[in-house]
Amino acid sequence: MIELQHVTFTYPDGRAPALNDVSLVLAPGGMSVITGPSGCGKSTLLRCLNGLVPHYSGGHMSGRIRVAGQDPIAESPHGMARHVGMVQQDPEAQFVMDVVEDEIAFALETSGLSRSAMRMRVEETLDLLQLVPLRRRQVLTLSGGEKQKVVIAAALALRPDVLILDEPTSQLDPQSAETVLTALAGLNNDLGLTILLSEHRLDRVLQFADTLIVMRAGAAITGPTAQLAGTLAHPPPIIQIATAMGWSPLPLTIKRGRAHSERTRLAPAPAARAKAPARPILEVIGVTASHGTNRVLNHVSLIAGAGELTALMGRNGSGKSTLLRSIVGLQKVQHGSIRMAGHDISRMPVAERCRHIAYLPQDPNAMLFAPTVRDEVAATLRNHQVPVTEERGLITRMLETLGIDHLANAYPRDLSTGERQRVALAAILVTNPIALLLDEPTRGLDGSAKHALGTYLISCQARGLAIVLVTHDTEFAAELADRVIVLASGEVIADGSPHDVLAHSPVFSTQVAKLFPGSGWLTATQVLATRQPASQTLSAENQTDAVNLTHNG
Amino acid sequence: MRHPLGWVAWLAACSASVWRTRNPLYLILAVLAIVLVRNSSKTESDNPSVSSWRWIFAMVPISALFNALWTRVGDTRLFVLPDWLPLVGGAITLEALTYGAQNGLVLLALLLAFSVVNQHLSIHDWISFVPRVFHQLAVVVTIAVTYVPLSIREIHVIRDAQTIRGHQPRGARDWVPLFVPLLTGALERALTLSESMAARGFAAPVKPSWSLQGSVIAGAALICLGGLTPMLSNQIHGLIFILPGIALVVIALLFSERRSGVVRYEVQHLWRMDMLALFLSVVVVLLPMAPWLDSRSLVYYPYPVLTAPAFDPWFGGGMMLIAFPAFLAKRSHI
Numbered sequence: 002m003i004e005l006q007h008v009t010f011t012y013p014d015g016r017a018p019a020l021n022d023v024s025l026v027l028a029p030g031g032m033s034v035i036t037g038p039s040g041c042g043k044s045t046l047l048r049c050l051n052g053l054v055p056h057y058s059g060g061h062m063s064g065r066i067r068v069a070g071q072d073p074i075a076e077s078p079h080g081m082a083r084h085v086g087m088v089q090q091d092p093e094a095q096f097v098m099d100v101v102e103d104e105i106a107f108a109l110e111t112s113g114l115s116r117s118a119m120r121m122r123v124e125e126t127l128d129l130l131q132l133v134p135l136r137r138r139q140v141l142t143l144s145g146g147e148k149q150k151v152v153i154a155a156a157l158a159l160r161p162d163v164l165i166l167d168e169p170t171s172q173l174d175p176q177s178a179e180t181v182l183t184a185l186a187g188l189n190n191d192l193g194l195t196i197l198l199s200e201h202r203l204d205r206v207l208q209f210a211d212t213l214i215v216m217r218a219g220a221a222i223t224g225p226t227a228q229l230a231g232t233l234a235h236p237p238p239i240i241q242i243a244t245a246m247g248w249s250p251l252p253l254t255i256k257r258g259r260a261h262s263e264r265t266r267l268a269p270a271p272a273a274r275a276k277a278p279a280r281p282i283l284e285v286i287g288v289t290a291s292h293g294t295n296r297v298l299n300h301v302s303l304i305a306g307a308g309e310l311t312a313l314m315g316r317n318g319s320g321k322s323t324l325l326r327s328i329v330g331l332q333k334v335q336h337g338s339i340r341m342a343g344h345d346i347s348r349m350p351v352a353e354r355c356r357h358i359a360y361l362p363q364d365p366n367a368m369l370f371a372p373t374v375r376d377e378v379a380a381t382l383r384n385h386q387v388p389v390t391e392e393r394g395l396i397t398r399m400l401e402t403l404g405i406d407h408l409a410n411a412y413p414r415d416l417s418t419g420e421r422q423r424v425a426l427a428a429i430l431v432t433n434p435i436a437l438l439l440d441e442p443t444r445g446l447d448g449s450a451k452h453a454l455g456t457y458l459i460s461c462q463a464r465g466l467a468i469v470l471v472t473h474d475t476e477f478a479a480e481l482a483d484r485v486i487v488l489a490s491g492e493v494i495a496d497g498s499p500h501d502v503l504a505h506s507p508v509f510s511t512q513v514a515k516l517f518p519g520s521g522w523l524t525a526t527q528v529l530a531t532r533q534p535a536s537q538t539l540s541a542e543n544q545t546d547a548v549n550l551t552h553n554g
Numbered sequence: 003m004r005h006p007l008g009w010v011a012w013l014a015a016c017s018a019s020v021w022r023t024r025n026p027l028y029l030i031l032a033v034l035a036i037v038l039v040r041n042s043s044k045t046e047s048d049n050p051s052v053s054s055w056r057w058i059f060a061m062v063p064i065s066a067l068f069n070a071l072w073t074r075v076g077d078t079r080l081f082v083l084p085d086w087l088p089l090v091g092g093a094i095t096l097e098a099l100t101y102g103a104q105n106g107l108v109l110l111a112l113l114l115a116f117s118v119v120n121q122h123l124s125i126h127d128w129i130s131f132v133p134r135v136f137h138q139l140a141v142v143v144t145i146a147v148t149y150v151p152l153s154i155r156e157i158h159v160i161r162d163a164q165t166i167r168g169h170q171p172r173g174a175r176d177w178v179p180l181f182v183p184l185l186t187g188a189l190e191r192a193l194t195l196s197e198s199m200a201a202r203g204f205a206a207p208v209k210p211s212w213s214l215q216g217s218v219i220a221g222a223a224l225i226c227l228g229g230l231t232p233m234l235s236n237q238i239h240g241l242i243f244i245l246p247g248i249a250l251v252v253i254a255l256l257f258s259e260r261r262s263g264v265v266r267y268e269v270q271h272l273w274r275m276d277m278l279a280l281f282l283s284v285v286v287v288l289l290p291m292a293p294w295l296d297s298r299s300l301v302y303y304p305y306p307v308l309t310a311p312a313f314d315p316w317f318g319g320g321m322m323l324i325a326f327p328a329f330l331a332k333r334s335h336i
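Protein chains in written order, with this note's numbering: chain A, 2 to 554; chain B, 3 to 336.
Hints may contain errors.
As a list, the in silico DMTMM-like pairs of lysine to aspartate or glutamate whose alpha-carbon atoms are at most 25 Å apart [said to hold, decoys possible]:
#1 A/K333 / B/D162
#2 A/K333 / A/E492
#3 A/K515 / A/D483
#4 A/K515 / A/D91
#5 A/K333 / B/E156
#6 A/K515 / A/D501
Because the hints were derived from the structure by calculation, they are not lab data.
All of these numbers come straight from a predicted model, not from anything done at the bench.
Input sequences plus hints: build the corresponding full structure.
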């Protein structure tokens, strides 16, 4: 169905090829996952399959591509629209119409189909993705998962042979991602639709994939998922444990993993030692807040101590982001108070609060405007009237701390997602705050960027910062958090240690907790540390590098 | 009411009624009628733009304030601003304030009516009013219009992101941190959308027909020639070229319509309620022209001294008739 032979592609201003001698063959009816670090060429490879590269990007290409028997270069994206459906990361950026049914019919209106055939196609597509109850809804009022399903339905309306998806779940919460992936698995199993998707969150998708394509620096290695998964640089916890314990065949699902884990004798996790209460830095006391007439927070209380990392979890719309915005003063608080280091800051202006409480919003791009990374950080200091004489030293130290000093003169928006996030962190942390609030910082990050962020947060804890982290990433929270708070409908429904909250929750438990139920262990690092001497503990860095495998193309 | 034509007719009736008068009593009735239609809307909770209504209502005080500051006409002085204040120095009068509020009411009524119609018509409905030959252009224009609310939302996100870095805009240079992310974000979104549309076959090139292209060019040339002819001879000779030119272009467009390859997914039927809506819209437009009515109360001018506006129950009733979609909606629900 998809065949690439020695494909090399370089963007017009590119110094190195984005795709470097890529050869692969994907059979019809399969579901394949492309993975690799940011900027490795995943999106370029996907866009080659429907001709967007090089037709929309320009650049130089060599090699041969065939998709459903067509040559995308000769056919152009318009010609390939009948053979390849495409879904991108952000569903909202892809909507043309404002109503679900009209969005699905959009491509059909210029396809030459009769009106009755169009009606049939739209009805079938609505049924396939279970969108019938939503057909007359405004697309902007749908949940994240529903929006992405509408985009998939719109791509499928022309009945393509292949569906390509570029990180389709990166903007979604776990429940929405599950909805989308289940829908894709259904299309693949029931209709035999060939699906190719790129994804960083392998713990979500690996179980569905027949074939894994591992990319690095433009090169690609293809193989059966069970064979390649063990060689990944940042594998999901189940793969880390299975590889270390020598489970064969490599289990890709929790169900299969349990067949092995039930035979593994594992000491129960020791009871969490009670920590001495940390000095309170942030105190949220009975805060209530509303969006119009809709109450979003209802008497929420929280204390974040020095050197403590508190993870805030809960489904979309539960009030997590609103709580962070209330703390920094972007959201008006109706009742309750907020205290910083013992002082009530309810009347303190936002700018003044943010000098002491750094806040990283969901989209760091909204912060970046300066021509260089150094200027970006300097802008914050100038906003806070820091003397110019102190500026240079502060910026240099901040960039070095975050490991981006080599990018000081780079244009921030040209950087990778992880690097941009670090620039935004530098811009908010340069005032030397006492607390750090992060809103879904792992969204869109690849494995190494997430690992780097985790390491940096640990160093912030060591320096005594109080950290509040809003996240959907259970594995990340289990690795780092001292305390987990779960919000639902604007109220705190769980508050305790990660073990107390995450180990037994059907929604928020980690892969390891599901693999070893009742053991009390939450992360692969903890489990493997019980089995091996510390020097042999498996870590992401000492995994076999995927690039060392032989090409199969 | 289901058919888009019904809503467009209602919008036309609202606009005509509001434009015809400056009487604040009639204008207030028109605003009340439109608000009634808005509140009867069952799609209210679906529409994310409802929160912007408060900005529309701000039209009245803003217009009143501007007119009072710039206009020096009227006998009832409220207070006097010092003369050394550039442009706004001088007497502020009650009449100027009232005249500004009148104009604000007209703007308010029109904007409210547009937002109500926008609430009921989808992008697809708007596009269906455009001839199929201009389908691609209509889609592009509609997308451009829908970018406005998206950009407003983006501005809020960017403003918050800059505020948490201590940013407080004072001079023109301080707007750069807001403008640059907004522009680059909009460009990135436009690029994603254009890729998405191309991947769905939008703007697939249709083979050009030489005969049709030739007809349009020939027609346009005849029209130009007809336009130039009066300079050389008389206007009648010009029409000899212009009329066949227009006919040629229209015929070419009609043929292009068939060849456009665009088939509308949904063609709405005119139901009884839609027919009634069309009829009532015509009544709203024609009622003030009734020969037995004295139309003087439609005119109201607050200068030089403010007086009470006249009120004719016929015109008042005509303005309240604008609320008919609220009652049709109730009947449709039954």
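Here is what the structure says about each hint:
Among the hinted pairs, A/K333 with B/D162 is consistent with the structure: their alpha-carbon atoms are about 13 Å apart, no more than 25 Å. A C-alpha spacing of about 17 Å is found between A/K333 and A/E492, which places the hinted pair at or below 25 Å, so the restraint holds. Restraint check: the Cα-Cα separation between A/K515 and A/D483 comes to about 20 Å, which is no more than 25 Å; the hinted pair holds. Among the hinted pairs, A/K515 with A/D91 is inconsistent with the structure: their alpha-carbon atoms are about 30 Å apart, more than 25 Å.
At roughly 20 Å between alpha-carbon atoms, A/K333 and B/E156 fall within 25 Å of each other, so this suggested pair holds. With a C-alpha separation of about 14 Å, the suggested pairing of A/K515 with A/D501 holds against the 25 Å cut-off.
Going through the hint list in order, the structure does not satisfy hint 4, though it satisfies all others.
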